[in-house]
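A.B. asks: Protein chains in written order, with my numbering: chain D, 1 to 774; chain W, 1 to 369.
Everything labelled a hint here was simulated from the structure, so no lab data went into it. Check before you lean on any hint, since a few could be wrong.
Claimed, not checked - So the derived list for chain W, only partly shown, Cβ under 7 Å to chain D, looks like this: (1) Pro-127; (2) Leu-131; (3) Leu-136; (4) Met-177; (5) Val-181; (6) Thr-270.
Claimed, not checked - Here are some chain D residues the structure puts well away from chain W; computed CB gaps all over 12 Å: (7) Leu-102; (8) Gly-193; (9) Met-354.
Claimed, not checked - Computed list of chain D residues with no C-beta within reach of chain W, every gap over 10 Å: (10) Ile-109; (11) Tyr-135; (12) Ala-197; (13) Thr-213; (14) Thr-483; (15) Val-560.
Note that this is a predicted model, so its numbers are computed, not measured. For each residue, glycine too, the CB sits at the ideal point set by N, CA and C.
Chain residues, written in single-letter form:
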Amino acid sequence: MRRAAGILWAALWLALFTAGPAPAQVGQPGFPIGTPGVSTEATSTASAEELRELLRLLGNPALVQALRQQLEENKVSPPKSLSLRSEISAVVSRMETRLHGLVSSFGAIGAVPAAAAEAWTAGLNRGDALRALTYVLVFLFIGGGLEWLYHQYARPLRLRIAHGVPESLGQRMSRAGLGITFHFIGMAIFAAGSAGAFLMFDWPTLTREMVITLLLAVIAFRIVGMFVAFILAPDAPDLRLVPLGNRRARRATRYVISATLIGAAGVVLTDGLNRLGINTGYEEELAPAIVVIPVLTATLLGLLLIAMVWRLRQPLSDEHTDDDAAPPPRHIPVIHTVLIGVTFLLWLIGASEMMWTTIILGLLFPAIKTSKAIIGNLFDHAERAADARSAEEMHEEPAEDTAPPVSMAEDAPPALDDGSTLAADHSRYGTRRLIAVRLARIVLILGAIAGIAWAWGVGVLSLSESQSVWGNVFRASVNVLITLLLADLVWTWAKYSINRRLAEYGPAPDGMAPGPEARMATLLPILRMFLMITIGVIVVLTVLSSIGINIGPLLAGAGVAGIAIGFGAQALVKDVVSGIFFLLDDAFRVGEYIEMDNLRGTVESMSLRSLRVRHHRGAVHTIPFGELKSVTNHMRDWVIMKLEFRVPFDTNLMQVKKIVKRVGAELQQHEGYGQHILQTLKSQGVRRMEEFNMVVGVKFMCRPGAQWLIRRDAYQKLRDEFEKAGISFAQRDVKVRVESDRPLTPEEIKAVSGAAQQAVEKPASELQPVPDEP
Amino acid sequence: MAKRLRIITGLILFAFLTMHLTNVALGLSSVALMEQARPWLLDIWANIVVGPVLLAALLIHMGLGLAAIYRRNTFNMTRNDIVQIVSSLILVPLMIPHVMGTAVAKEFFDLPQNFAGVLMLFWYYEPAEGLRQVLLLSAAWIHGCIGLFLWLRVQRWWPHVAYFSYPVAVALPVLAMLGYVEGGKQVMSGEVEVVYAMPPEGGPTIDEIVAQLHSMGNWLIVLFLLVTACVLVARMWRLMGNDGATRIRYAGLPAYTSENGLTLLESARTNEIPHASLCGGRGRCGTCRVRILGSSHPLPQPSEDEQRTLRRLGAGGDVRLACQLKIGGGRLEVARLLPPHVKPADVHYEGPVAQSDQNAGDGKLEAAE
Numbered sequence: 001m002r003r004a005a006g007i008l009w010a011a012l013w014l015a016l017f018t019a020g021p022a023p024a025q026v027g028q029p030g031f032p033i034g035t036p037g038v039s040t041e042a043t044s045t046a047s048a049e050e051l052r053e054l055l056r057l058l059g060n061p062a063l064v065q066a067l068r069q070q071l072e073e074n075k076v077s078p079p080k081s082l083s084l085r086s087e088i089s090a091v092v093s094r095m096e097t098r099l100h101g102l103v104s105s106f107g108a109i110g111a112v113p114a115a116a117a118e119a120w121t122a123g124l125n126r127g128d129a130l131r132a133l134t135y136v137l138v139f140l141f142i143g144g145g146l147e148w149l150y151h152q153y154a155r156p157l158r159l160r161i162a163h164g165v166p167e168s169l170g171q172r173m174s175r176a177g178l179g180i181t182f183h184f185i186g187m188a189i190f191a192a193g194s195a196g197a198f199l200m201f202d203w204p205t206l207t208r209e210m211v212i213t214l215l216l217a218v219i220a221f222r223i224v225g226m227f228v229a230f231i232l233a234p235d236a237p238d239l240r241l242v243p244l245g246n247r248r249a250r251r252a253t254r255y256v257i258s259a260t261l262i263g264a265a266g267v268v269l270t271d272g273l274n275r276l277g278i279n280t281g282y283e284e285e286l287a288p289a290i291v292v293i294p295v296l297t298a299t300l301l302g303l304l305l306i307a308m309v310w311r312l313r314q315p316l317s318d319e320h321t322d323d324d325a326a327p328p329p330r331h332i333p334v335i336h337t338v339l340i341g342v343t344f345l346l347w348l349i350g351a352s353e354m355m356w357t358t359i360i361l362g363l364l365f366p367a368i369k370t371s372k373a374i375i376g377n378l379f380d381h382a383e384r385a386a387d388a389r390s391a392e393e394m395h396e397e398p399a400e401d402t403a404p405p406v407s408m409a410e411d412a413p414p415a416l417d418d419g420s421t422l423a424a425d426h427s428r429y430g431t432r433r434l435i436a437v438r439l440a441r442i443v444l445i446l447g448a449i450a451g452i453a454w455a456w457g458v459g460v461l462s463l464s465e466s467q468s469v470w471g472n473v474f475r476a477s478v479n480v481l482i483t484l485l486l487a488d489l490v491w492t493w494a495k496y497s498i499n500r501r502l503a504e505y506g507p508a509p510d511g512m513a514p515g516p517e518a519r520m521a522t523l524l525p526i527l528r529m530f531l532m533i534t535i536g537v538i539v540v541l542t543v544l545s546s547i548g549i550n551i552g553p554l555l556a557g558a559g560v561a562g563i564a565i566g567f568g569a570q571a572l573v574k575d576v577v578s579g580i581f582f583l584l585d586d587a588f589r590v591g592e593y594i595e596m597d598n599l600r601g602t603v604e605s606m607s608l609r610s611l612r613v614r615h616h617r618g619a620v621h622t623i624p625f626g627e628l629k630s631v632t633n634h635m636r637d638w639v640i641m642k643l644e645f646r647v648p649f650d651t652n653l654m655q656v657k658k659i660v661k662r663v664g665a666e667l668q669q670h671e672g673y674g675q676h677i678l679q680t681l682k683s684q685g686v687r688r689m690e691e692f693n694m695v696v697g698v699k700f701m702c703r704p705g706a707q708w709l710i711r712r713d714a715y716q717k718l719r720d721e722f723e724k725a726g727i728s729f730a731q732r733d734v735k736v737r738v739e740s741d742r743p744l745t746p747e748e749i750k751a752v753s754g755a756a757q758q759a760v761e762k763p764a765s766e767l768q769p770v771p772d773e774p
Numbered sequence: 001m002a003k004r005l006r007i008i009t010g011l012i013l014f015a016f017l018t019m020h021l022t023n024v025a026l027g028l029s030s031v032a033l034m035e036q037a038r039p040w041l042l043d044i045w046a047n048i049v050v051g052p053v054l055l056a057a058l059l060i061h062m063g064l065g066l067a068a069i070y071r072r073n074t075f076n077m078t079r080n081d082i083v084q085i086v087s088s089l090i091l092v093p094l095m096i097p098h099v100m101g102t103a104v105a106k107e108f109f110d111l112p113q114n115f116a117g118v119l120m121l122f123w124y125y126e127p128a129e130g131l132r133q134v135l136l137l138s139a140a141w142i143h144g145c146i147g148l149f150l151w152l153r154v155q156r157w158w159p160h161v162a163y164f165s166y167p168v169a170v171a172l173p174v175l176a177m178l179g180y181v182e183g184g185k186q187v188m189s190g191e192v193e194v195v196y197a198m199p200p201e202g203g204p205t206i207d208e209i210v211a212q213l214h215s216m217g218n219w220l221i222v223l224f225l226l227v228t229a230c231v232l233v234a235r236m237w238r239l240m241g242n243d244g245a246t247r248i249r250y251a252g253l254p255a256y257t258s259e260n261g262l263t264l265l266e267s268a269r270t271n272e273i274p275h276a277s278l279c280g281g282r283g284r285c286g287t288c289r290v291r292i293l294g295s296s297h298p299l300p301q302p303s304e305d306e307q308r309t310l311r312r313l314g315a316g317g318d319v320r321l322a323c324q325l326k327i328g329g330g331r332l333e334v335a336r337l338l339p340p341h342v343k344p345a346d347v348h349y350e351g352p353v354a355q356s357d358q359n360a361g362d363g364k365l366e367a368a369e
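Sequences and hints are given; from them, build the entire structure.
C.D. replies: Below, the structure written as structure tokens:
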């Protein structure tokens with residue numbers, strides 16, 4: 001709501017004070033009746049002798065040379081600067097003249113109608129004015145007819161533009177573009193038709209000028225109307241660029257149109273009287289009107305604008321627009337009113353530089369807000385359309401599935417679902433929205449600077465080239481401003497897109513191997529910090545250099561320090577660089593179980609310099625990247641696990657094979673890890689023979705991380721099955737053959753079994769410790 | 001009956017206008033050619049048989065128009081209707097002086113006119129009158145074209161002809177205006193010898209006749225304004241009888257309250273509910289038909305015209321024409337049967353109106369609101 005007033009106010013002010021520069025220029029000091037048309041009139045009415053004289057003079061090469069020299073000198077030498085006091089007094093006296101002129105004009109206005117009538121009868125023979133009006137009507141009718149014809153034939157296209165629902169932002173933009181092109185072609189046909197018909201006949205000078213003025217006024221009025229319709233779209237809320245409700249848009253349209261009408265009428269009247277005066281020699285008598293009419297027009301316009309600012313601010317009760325917007329602050333219309341008043345007064349006293357500065361500064365903030373609102377509105381629409389589309393797709397999906405999804409719909413409450421899609425869509429256009437807003441801001445601010453410079457009569461380029469204090473300050477501040485704006489733009493874009501990418505990578509769910517995005521989750525924060533530092537440094541350096549501080553020594557110093565630090569921090573640099581390359585190689589990601597040299601564990605985090613790995617028993621290893629030679633990653637794609645067990649020589653191997661196969665099938669059915677098994681348990685037959693037993697090998701392939709659990713179950717199930725089938729695992733047994741013909745005494749038996757025990761245990765003591773595993 | 005009469009009289013007037021403009025357009029070539037073609041293009045409308053018919057058609061058409069204004073419940077209208085009413089109201093004051101100066105002067109004061117004289121009068125002696133002619137031409141032609149268009153566009157064959165008739169609709173008035181301008185330039189430059197009509201000897205002088213014509217014209221204008229004012233007052237009087245309001249809900253749209261006495265179509269328009277209505281609320285096309293989902297008050301029986309249209313469309317008993325259904329209090333719930341932006345070509349489509357279309361339209365509306 002609050003934005004609405006600002007937007008309209010900005011749009012209107014811009015439209016009016018740029019559309020109607022004529023009243024602003026008419027009656028400036030020194031040019032009591034100085035419209036741009038006057039000077040051309042003056043040259044065209046220069047007598048033939050004068051022109052011939054000028055030509056003769058220009059033919060003289062010495063004179064041309066002198067002139068050129070003088071021009072050069074003027075260019076080189078700066079304009080003579082006046083003292084502040086004399087400048088002020090000049091300004092004051094100019095204002096005095098202007099005010100005096102105004103007052104005397106208002107005093108003399110009474111005589112104008114009579115003079116105008118006299119000039120009228122003198123300049124136009126009987127009924128010429130009415131005839132001119134008749135002609136204008138005829139031409140307008142012709143133009144209008146042709147345009148109507150165009151609209152009839154282009155109707156299907158127009159309907160498609162107006163009634164289609166734009167689906168994406170691009171479509172919306174192209175639709176808006178098409179719409180305005182469409183209307184613009186209609187306008188062009190109208191203009192060509194009316195002007196073309198006008199040119200078919202030849203006319204007396206004054207009639208011609210009057211008709212041209214009127215036709216131009218009508219065409220200009222229509223162009224303004226077209227742009228208003230394009231921006232406010234009072235009848236088509238889908239195409240509206242600014243976030244306004246229907247009623248408010250209509251009201252705003254009415255205001256803008258009537259303001260344009262007043263402005264156009266003022267211009268036509270002033271211009272017409274001016275031309276009349278020039279053509280008939282009644283300039284003196286008509287001069288007061290040419291001063292007074294613009295003043296009256298401007299007064300009316302100012303009042304209308306103030307009314308509009310206040311009226312558009314009032315909330316409309318039956319408006320269904322965004323209610324969550326904060327209530328409009330009271331001071332905004334007051335500020336606008338004051339601005340309009342100040343502008344008007346400045347214009348009245350002829351301080352056009354101050355007036356333009358006020359207008360531009362006053363407009364800058366509403367314009368920035370407006371551009372933000374327009375862009376926001378555009379993206380809102382696009383997002384809403386995208387939401388609707390994705391909602392549609394989601395609704396269609398279950399219809400296509402023959403079997404309804406088991407518990408998905410019940411698990412996820414709809415509100416949550418909407419929220420998540422909404423968040424996704426906001427990020428869909430988030431970056432572009434931010435960029436667009438900032439770009440618009442940059443363009444507006446630069447435009448305002450150029451506008452103010454233009455108002456004060458200084459070229460932006462010439463000022464920044466000049467060596468005066470003001471030139472330097474100007475150049476420096478423009479440089480700083482542009483640097484800051486661009487840095488802001490780049491930084492916002494970088495930060496936003498990095499954050500958005502980061503937000504997409506949630507932590508991997510438990511038991512799942514982290515996907516490739518984990519690498520980005522590692523790299524992106526590093527990149528963000530790096531970018532921030534880089535941008536910060538560049539901005540600081542640019543700002544310093546543009547405010548005149550020589551940054552050469554600074555850079556050199558930084559270079560020297562950089563070299564010194566670089567030598568000192570060689571290892572650090574090595575760590576950082578090799579870290580980046582490890583990440584680029586995708587050697588490991590956060591959450592993976594890796595092994596380097598003699599260290600192993602799960603990657604917990606990575607810093608710029610080092611890697612933090614947690615051993616499965618809790619110890620944390622911190623390893624600088626530079627120290628890493630090779631890395632073994634246990635979590636990639638698949639793992640094969642081989643198990644073996646020993647059975648006696650008399651075991652039925654076919655039975656073992658069957659049992660293994662059955663157990664493999666059972667494992668695959670397990671709901672916890674069944675889906676992780678890539679190739680289930682299968683027997684590999686006898687792997688080797690040992691002194692007391694056979695070694696039977698089995699193996700399975702599964703996703704990394706699941707192998708431990710599967711191994712546990714595989715052993716357990718195999719054991720149970722073997723037990724059921726009567727297959728026992730081989731045990732170490734030592735047969736002691738006693739070559740004796742008599743039974744042994746208990747002492748001898750004890751000694752023998754003790755020796756045998758030693759023989760059995762001996763190889764056991766040589767066994768390697770079981771490798772450590774999580 | 002009134003509908004048919006309106007079209008017939010309108011067509012007669014339009015034919016006259018077309019031929020008159022064709023005659024004026026010949027001025028692009030020369031004033032002499034205009035004069036030559038006059039007996040065939042203009043004078044045949046003034047003979048003893050056709051003249052009264054033309055006059056009667058004009059009077060009947062005006063009367064029907066005033067009656068339509070009287071019957072109109074709201075001035076919240078479509079753009080076409082606004083143009084029709086405004087142009088018809090300004091037509092009469094624009095037309096009367098022209099008719100007075102030409103037809104009446106010839107018939108009653110025996111002042112036969114010729115184009116050269118009239119052009120000279122319009123362009124040289126009375127430029128204000130000349131300006132008035134341009135306005136008159138624009139208003140009459142626009143009024144005629146819109147009326148014709150509203151009638152034609154629901155005809156089955158119209159889409160085939162439309163694209164060929166648009167250029168004609170623009171070319172004729174444009175050529176007539178250019179002919180008028182060119183003819184005026186010719187007579188003013190003195191290329192054409194201008195013969196002025198002179199009253200017969202012994203009768204009143206030309207000045208007296210002109211004064212008399214002026215006063216007659218002024219009286220007629222005053223009379224017309226009075227009649228119009230009376231119609232408006234009568235209409236206000238009629239509307240004062242309506243009080244109370246109806247709560248209306250279109251399926252899928254927010255409900256609104258509308259004062260009684262309006263037709264359903266008018267109430268929808270007033271409350272910004274898009275509604276198809278190709279013939280402009282005249283009960284001809286049936287594109288505004290709605291299904292009555294529920295009403296707390298009994299609805300008035302459909303009129304003869306409405307029944308005929310509904311029969312032609314083969315609509316069920318719960319279907320009514322929104323443009324004919326007067327709302328009379330209580331609650332009313334209806335559903336549009338055609339999408340709001342229906343095209344004339346769709347009306348003749350023999351088959352069910354695509355349901356998806358309607359849904360899409362509704363969806364868009366919801367999105368818009």
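A.B. asks: All hints, please: hold or fail.
C.D. replies: How the hints compare with the structure:
1. Pro-127: Since chain D brings a Cβ to about 3 Å from W:Pro-127, closer than 7 Å, the hint holds.
2. Leu-131: Cβ of W:Leu-131 sits 5 Å from chain D, so the hint holds.
3. Leu-136: Hint on W:Leu-136: violated, closest Cβ of chain D at ~11 Å, above 7 Å.
4. Met-177: For W:Met-177, the interface hint holds, since the closest Cβ of chain D sits about 5 Å away, which is under 7 Å.
5. Val-181: holds, 6 Å
6. Thr-270: At about 13 Å, which exceeds the 7 Å cut-off, the nearest Cβ of chain D leaves the hint on W:Thr-270 violated.
7. Leu-102: The assertion about D:Leu-102 holds, with a minimum of 36 Å to chain W.
8. Gly-193: Nearest chain W Cβ is 9 Å from D:Gly-193, so the label is violated.
9. Met-354: Given a closest Cβ separation of 45 Å, the condition holds.
10. Ile-109: holds, 27 Å
11. Tyr-135: It is violated; D:Tyr-135 is separated from chain W by about 7 Å at its closest Cβ, not greater than 10 Å.
12. Ala-197: Incorrect as stated: the minimum Cβ-Cβ distance to chain W is 7 Å, not above 10 Å.
13. Thr-213: holds, 18 Å
14. Thr-483: Label holds. Min Cβ-Cβ 43 Å, cutoff 10 Å.
15. Val-560: For D:Val-560, whose nearest Cβ neighbour in chain W is about 64 Å away, the distance exceeds 10 Å, so it holds.
The structure is inconsistent with the numbered hints 3, 6, 8, 11 and 12, although it conforms to all the rest.
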